[in-house]
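Undergrad: Protein chains in written order, with numbering that gives the first Met the number 0: chain A, 0 to 381; chain B, 0 to 352; chain C, 0 to 314.
Keep in mind that the hints were calculated from the coordinates and are not lab data.
Values in this document were obtained by computation on a predicted structure and should not be read as measured data.
A virtual CB, placed ideally from N, CA and C, is assigned to each residue, including glycine.
Any given hint could turn out to be false.
What the hints assert, rightly or not - Only pairs whose alpha carbons sit at most 25 Å apart, straight line, appear in this in silico SDA-like list of lysine to any residue:
hint : chain 1 : residue 1 : chain 2 : residue 2
1    : C       : K273      : B       : P323
2    : C       : K273      : B       : K139
3    : C       : K273      : A       : P71
4    : B       : K167      : B       : F148
5    : B       : K208      : C       : T117
6    : B       : K169      : B       : D325
7    : B       : K351      : C       : W2
8    : A       : K58       : A       : P71
9    : B       : K320      : C       : K273
10   : B       : K327      : B       : N304
11   : A       : K58       : A       : I40
12   : C       : K273      : C       : H60
13   : B       : K139      : A       : G201
Claimed, not checked - A partial selection of chain A residues facing chain B, derived with a Cβ cut-off under 10 Å:
hint : residue
14   : Q121
15   : A194
16   : A226
17   : A333
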Amino acid sequence: MTQLQGTTTTGPGAERPAPSVRQLTFQWAGGPAIPVLSVAIALVLGAVFVLLSGNDPVKGYVALFQGAFGTPYDITETIVAAIPLVLTGLAVAVAFRTGLFNIGAQGQLLVGALAAGWAGSQWATLPGFILMPIVIVFGVAGGAFYGGIVGLLKAVRGVNEVITTIMLNYTIVFVMHWLLQAGPMTAQNAFGTPASTPIGVGARLPVIIPNELVLFSRLHAGIILAALAVIAFWFLLWRTPLGYQLRAVGLGARAAAQAGIDPARHMILVMAIAGGFAGLGGMIEVSGVFGRVYDGFSSSYGFDAIAVALLGKNSPLGIVFAALLFGAFVHGGAYMQSHAGISSNLVAIIQAFVLFVIAAESLVRSLTRRRGRARKPVEAIA
Amino acid sequence: MKRILAFSVLAATIVASCASTGTTSGSSAPSGSGSATGQHPKIGLVTDVGGLNDKSFNSLADKGRQQAQAQLDVDTSVTESKQQADYVPNLTKYAQDKYDLVIGVGFLMQNAIWKVATQFPNVKFAIIDGAPNDDAGNVKNLPNVANLFFKEQEAGYVVGVIAATMAKNKVGAATHNTVCSMGGLPIPPVDRYIAGYQDAVKTVSPTTKILNGYSQDFVDQQKGIEVGKSHIAQGCDILFQVAGGSGLGYIQAAKTAGVYAIGVDADQAAVAPGTVITSALKKVDVAVFQTVRALRLGTFKAGDNSFNATNDGIGFGTLDKVVPDDAKAAATQALADIKSGKITPKDTVQVKP
Amino acid sequence: MTWEMLLGASVAAATLRLAAPIALAALGGVVTERSGVTNIALEASMLVGAFFGIVAADRSHNIWIALGVAILAGVLIALLHAYASITLRSDQIVSGMALNILALGLTTYLDYQMYGTTGTPPDLAGLPDVQLGFLSGVPYVGDAIGSQNSMVWVMALLVIGLQLFLFRTVAGLRLRAVGEHPRAAETVGIDVRRIRYAAVLASGALAALGGAYLSLGVAHSFTDGMTGGRGFIGLAAMIFGRWTPIGALAASLIFGYGNALSTSLQGASIGDTKVPVQLLGTLPYVLTILAVAGFVGRSRPPAADGVPYETEGHA
């Protein structure tokens, strides 16, 4: 996609001032009919497909909801699936807010994961209170580096970030193959599994919901890191001078020039920050879920993140809820297959419908004849 | 705004779903509540991320599951894992729903199987191509887990015998005395096939030239075709694919050039009749079926279960009519020799790209 | 490492084979983005083109019908995207992504239902190769282009045709105007919506040709997800090529060359060390980055690209 500097194409930046948390929440609470209708339309479309395939849609949807939220265990799993999407969603959103399209969250997450996995195994014997911060720093730094390259190339050579991020995404996949199959990070006792050496106990994010509360829960402390990241995102963009400048750039190059920002510095900084979020997501997966870096562990966190960020309107709470929606599809979708016999591909189709319909705001809005416009005029920057 | 409310709708349904009890019944797959063996047991299969149609071990495992459902009076269900983080919850859900046997496919699940099998000691598990690995990466066999291992190098060896015999005797279109192979990625489950293949060729026909390459992909056919064209340009006449969907491109390249190919995992004679002279079979479906059967008969064996020449776990597939009798005889003899222990095929690749 | 591995005629031939599907997708991207609509669902159009082309070839045994069905499938996907983006003014990125997920799910599902674990049948009607016998004596060129698939030639013709269309015809000028200044275009009587619809549908057709090439021309079968991201690489090529057909082709060739090298360089060594096979896979991507950073630099998209257009009366 071709995001002009300053011309926001898909909803970020241009719309709302959103100064405080309270107002943020308040803004989301308008027009309950619309989202209900959106989801309902999508589910009906999906039900048609399910029927055509010879399955029972009611049983299917019951399985979907029960799979996602039916038991406390399911809820924790939905959250576990959502956590990396929150981080990569932030990575995409922070760039969108400032006028850049970061498709590279996928690659940035992997670099963060590799860096964190390496650090965690390199110093595996260190105690948690030393090792964990190190691993977090490595994860964030790895992602920030990979994002920063994109910003640097754009600032120095004007290379469109869409190209570099797509290329870098693929590049790290192959580098990862090498690192984990026949390279310096390949584990000794991998038994044919391309994976890195397991990280030390001190680097593992502990499960924070104990077995007594929710049996077998995997809900790890990454949720805390994710929450902190969301707060950091909000704070950065709406409470710091830098954030003000970045959003100004997102709203218009002229406004940004008036606010005195160096566009080159901004690009590098923003892409590094974005990469840092994604890298943290990679670190969380390694530390909280896998314990080591498996080749190919991230199939689509980075791409789903684009939808998460856009569905969430690049806003902190929106991203959280969009990520949970995706997490619900992941976990509930599996149950739809195992329990109602509905092919995982049909689940994907239903998910596509939900995305498609939610994206079609104006259709649903016109159906409910909502008064007042969602798009606010571009704010003037004094 | 709409997003959070879309979610609130779902949230409202959480309450509704929680109100009805967690474990559901009446699914389209398993029915009944039998949790003890012998009473309509429930078998769950969790695939790897490649999907059910991966033309490799996922589809074979599913084939075994379907056979078991048809012939062994069990109820089965399958869950495709979409990403690696799903292994644990997919396995856990079956165990929570009191399935009798939960089968995981692939070496990437070794840690997941260990985690879940430890939490559910009363449920039986099986893993294809692996053994339970604890968090430190060490193998930790469990009393309720069967490790289903295959000796791919044995399958590679017997088809290598066929290839070498045909190359040596310049049978049909195989005029250049050169054979080759293509893997998806140089990982052990792939390389073991190639290792056995190369070992056989070096043993049976040391003068035959051997080529090797990788497509870097298990899906992309065009990449497989490119490697195939490259090998054919270097004189290769018999192309052994070990690359799943990408390998079909390798076979296609052989077909276009009018030379021969060898399939892998399943019998791929139907992919390109007249081109595919045989296939290196890894009978994952048999392994799954046998494990379910063992469960039914009460002979479930935890720990290492090896599927190799001795128990018909590997073999060579349908021979095309161009394969001469001496090649077939040599392969059959090689299979017997492996069974008896006379031949132990190497499992490390000698000829790299 | 030999010159043959780097620049041999077989490498050139492989470059063309590998570049063709990407170039077709990139052409589709150029057309739609020049009209002001971002279509990231080119991957979806490619994939359905690949799949339904195979199905039609299987059922009809006729390559023309198969090609027609492939194009139709790609156009239908594009129609959904056009409807969402132009009429509904949806978020174009999300709508495109939704279609990508839809296409993958739908083709995978139908592939499994129809061709189960046996796979698509052999000996399907296919896109023929064009054998240029008269070139067989010519060194290098004869090997490079003497035996390419017909779709490669179609792609070349389309590049030239679209370049002329966009920059030498009135219709092309209109399309570009719609992408740069839709409101101004409308005031002079150009129907912005209709042109954008046509552009998006055309992009679906072009991408579908790329998909059909993969399944009917190269692989002669279908495997799930066989387009493997070529639609996205095509978008990158479009940007790299500065939203021109010729530029898109050049970018696709660079990428295709990198891909060809990742096969031809297997086994090559630099000095004493062998290049690891896995790292060869990075070649097309790294090469593209270097080429863009080194030679292309800044590229500017059409001014109104990606912005939903509200016609008079809705403002």
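Undergrad: None of the hints should be skipped; say for each whether it holds.
TA: Now the hints, each set against the structure:
no., hint, verdict
1, C:K273 to B:P323, "violated (38 Å)"
2, C:K273 to B:K139, "violated (36 Å)"
3, C:K273 to A:P71, "violated (53 Å)"
4, B:K167 to B:F148, "violated (33 Å)"
5, B:K208 to C:T117, "violated (32 Å)"
6, B:K169 to B:D325, "holds (13 Å)"
7, B:K351 to C:W2, "holds (21 Å)"
8, A:K58 to A:P71, "holds (21 Å)"
9, B:K320 to C:K273, "violated (40 Å)"
10, B:K327 to B:N304, "violated (28 Å)"
11, A:K58 to A:I40, "holds (18 Å)"
12, C:K273 to C:H60, "violated (47 Å)"
13, B:K139 to A:G201, "holds (22 Å)"
14, Q121, "violated (15 Å)"
15, A194, "holds (8 Å)"
16, A226, "violated (16 Å)"
17, A333, "holds (5 Å)"
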